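Student: Since the structure of chain Z is provided, determine the placement of chain A on it from the hints.
Those protein sequence lines, which keep their order, are chains Z and A.
Counting from 8, one number per residue, gives the positions in the first sequence under this note's numbering.
Counting from 644, one number per residue, gives the positions in the second sequence under this note's numbering.
Because the hints were derived from the structure by calculation, they are not lab data.
Treat the hints loosely; a few may be bogus.
[Claimed, not checked] Some chain Z residues judged to face chain A by a derived CB distance under 8 Å, without partners named:
#1 Val21
#2 Val39
#3 Pro54
#4 Pro58
#5 Phe59
#6 Ala128
#7 Ser147
#8 Ala219
#9 Ala222
#10 Leu225
#11 Ile227
#12 Ser254
#13 Phe285
#14 Val303
#15 Ile317
Everything numeric in this text was worked out from a predicted model, so none of it was measured.
Ideal Cβ positions, reconstructed from N, Cα and C, are used throughout, including at glycine.
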Amino acid sequence: MSVRDLKGGKRYWVLSACLVWLVFTLFPLYWVAITSLKSPVDVVGGPTYIPFVDFQPTLKAWKDLFSGARGGFFSTFWASTIVGLSASVIATLVGSMAAYALVRFPFKVRLASGIIFFIVAMGGYLLGSEVFGVNPAMASIVAFCVALALSIFLNRFALPGAVLGNDDIIFWFVSQRLFPPIVVAFALFLLYTEMGKLGFKMTDTYFGLTLAYVAFSLPIVVWLMRDFIAILPVDVEEAALVENVPSWRIFFGIVLPMARPGLIATFVITLAFVWNEFLFALFLTNSKWQTLPILVAGQNSQRGDEWWAISAAALVAIIPMVIIAGLLGRLMRSGLTIGAVK
Amino acid sequence: MTREDPVKHFFLWPAVLIVLVMAIFPLIYSLANSFMSLRLIPPRPARFVGLENYADLMVDDRFWQVVSTTSFIAFTSVTLQFVIGFAIALSLVKRVPGADFFRVSFLLPMLVAPVAVALVARQILNPTMGPLNQLTSFFGFSNLPFLTETKWALGSLIVVEIWQWTPLVILLLLAGLQSLPEDVYEAAELENASGWQQFWGITFPLMLPMSAAVYFIRVVESFKIIDTVFVMTGGGPGISTETLTLYAYQEGFKKFNLGYTSALSFMFLAVVLIISLVYLAILKPHLEKYK
Chain Z
8 MSVRDLKGGK RYWVLSACLV WLVFTLFPLY WVAITSLKSP VDVVGGPTYI
58 PFVDFQPTLK AWKDLFSGAR GGFFSTFWAS TIVGLSASVI ATLVGSMAAY
108 ALVRFPFKVR LASGIIFFIV AMGGYLLGSE VFGVNPAMAS IVAFCVALAL
158 SIFLNRFALP GAVLGNDDII FWFVSQRLFP PIVVAFALFL LYTEMGKLGF
208 KMTDTYFGLT LAYVAFSLPI VVWLMRDFIA ILPVDVEEAA LVENVPSWRI
258 FFGIVLPMAR PGLIATFVIT LAFVWNEFLF ALFLTNSKWQ TLPILVAGQN
308 SQRGDEWWAI SAAALVAIIP MVIIAGLLGR LMRSGLTIGA VK
Chain A
644 MTREDPVKHF FLWPAVLIVL VMAIFPLIYS LANSFMSLRL IPPRPARFVG
694 LENYADLMVD DRFWQVVSTT SFIAFTSVTL QFVIGFAIAL SLVKRVPGAD
744 FFRVSFLLPM LVAPVAVALV ARQILNPTMG PLNQLTSFFG FSNLPFLTET
794 KWALGSLIVV EIWQWTPLVI LLLLAGLQSL PEDVYEAAEL ENASGWQQFW
844 GITFPLMLPM SAAVYFIRVV ESFKIIDTVF VMTGGGPGIS TETLTLYAYQ
894 EGFKKFNLGY TSALSFMFLA VVLIISLVYL AILKPHLEKY K
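So here's chain Z without its partners, still in its complex pose (with noise of 0.2 Å):
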């Protein structure tokens, strides 16, 4: 027992606080839990609280979802899992790449060559959309292209100005998270829009939601991965080395089944950022790849009051991720989560 243990009576002071708040934690999950087996007599009379005490639970909301008689659930279950598992493993992958890459090499960026992209992109489409009147969608991508190689041919030369390291680099992935995803989500659309026009559909398809999804998981998983890889031992890789095992043999073959506590971890919270996410669905999708959380709000118009049948739609975005958070919280008690917030 530790000094900072709590003693006497202050534990119970202490407890009762706790025991409210798990009440309040619990109630409205297990609220929506009963009101999904309520007939709508039991919803309508007034609030019911306990299950076969004072109302007597029906399956029939359960049986509706799954019948299909309430419009697609199955395919808006399917597009949900399977963008979001694409996208969760895609950007664990490429993140861990990249985090390793930052903890074991050097990289030198100059800050001037970082500028020039961003001067020549956004002048290069603003001059080949208003100037020379090409499509929008054509001048993005010359734009960006042209801006991509002159920078990065410009930062082998001594350009003046500050020169960026690692942790530079880490800090512009992670400043993604600060900007308002509105701003990105809204531009994606309406080049998204423009694409379609080139003949590339990219609103409502799976390649262009798991590629927004990646974009938007890719700063938190280089942030957590940093810090997975950061502490893994070096010696076996040095040892490797020696060996001259190739650098692609050592991460795939001896640093990822290293760090496979924290591939695990990020994986498990890329996947529940993806799979409640609402903002980037909203915008990218209408029909064919709509997900649970767009579908979940929809309920609420479509249905006023009909809470069993929203209970249980809202149940199905929610059950999935209980289940993840059982896993989480056994992760969690080794403590693996301690090196993700240092």
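Tutor: Chain A only, in chain Z's frame:
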């Protein structure tokens, strides 16, 4: 250990490219659009107008109201989240009976989709059929306008935010509290320092840098709020609970006022940056004091 190997570019570039294409370029594109007059309905040819959209925004009453509503929701709810979260994290780290059970169950809300939370909140807050109405009726207040009167609606949104995001504060602070050195407390115990003195003399100052970071992260995230408001009040009554993201969505997606919306989202970015800088400036002397 750092080493040189050209393969490093192969590791870093996929992530950089994706972020450049999907986050930085849209940002640039949006900034370019914000200098134009661009409307889809009624369709109007794009025209370069310079800072006109920004000038319009500065005198747009609705914009300023939305900024103040969003700030109010963000700062009030995050402050409460922080106070409650700190207290709970402290009791968990001090091994309140059943701490392991609490630790897992307290985390649940942050994993629930905000739209689902909002739907459940609508049911609980229903002024005639909800369980909360039954509780308040018991105390003699029935049919309170939880979602239909400005003050109540703002309060309800804040409570829902607290419900959903206090767990994250608990999770982060708990990790920090667990890593505090034990011997300092043992020394304090020998000096007969009371629990209260130990908190203000040791725990709080040691946790200050981390607390500042957690508070900051939560405020930035809170400013982005849309889903909860979208479902619970739709910004109403009137526009009194409308947040920045919701306003941008209405302008962009309902009115298709593209140039204006782009300018609006950039002003939003500016608001967040200004708040961040002011926050850091206020905090800096305090952080240095405890170094």
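Student: The structure should be examined with respect to each hint, and the outcome stated for every one.
Tutor: Each hint tested on the structure:
no.: 1; hint: Val21; verdict: 5 Å, holds
no.: 2; hint: Val39; verdict: 5 Å, holds
no.: 3; hint: Pro54; verdict: 4 Å, holds
no.: 4; hint: Pro58; verdict: 15 Å, violated
no.: 5; hint: Phe59; verdict: 18 Å, violated
no.: 6; hint: Ala128; verdict: 5 Å, holds
no.: 7; hint: Ser147; verdict: 6 Å, holds
no.: 8; hint: Ala219; verdict: 6 Å, holds
no.: 9; hint: Ala222; verdict: 3 Å, holds
no.: 10; hint: Leu225; verdict: 6 Å, holds
no.: 11; hint: Ile227; verdict: 11 Å, violated
no.: 12; hint: Ser254; verdict: 4 Å, holds
no.: 13; hint: Phe285; verdict: 4 Å, holds
no.: 14; hint: Val303; verdict: 5 Å, holds
no.: 15; hint: Ile317; verdict: 6 Å, holds
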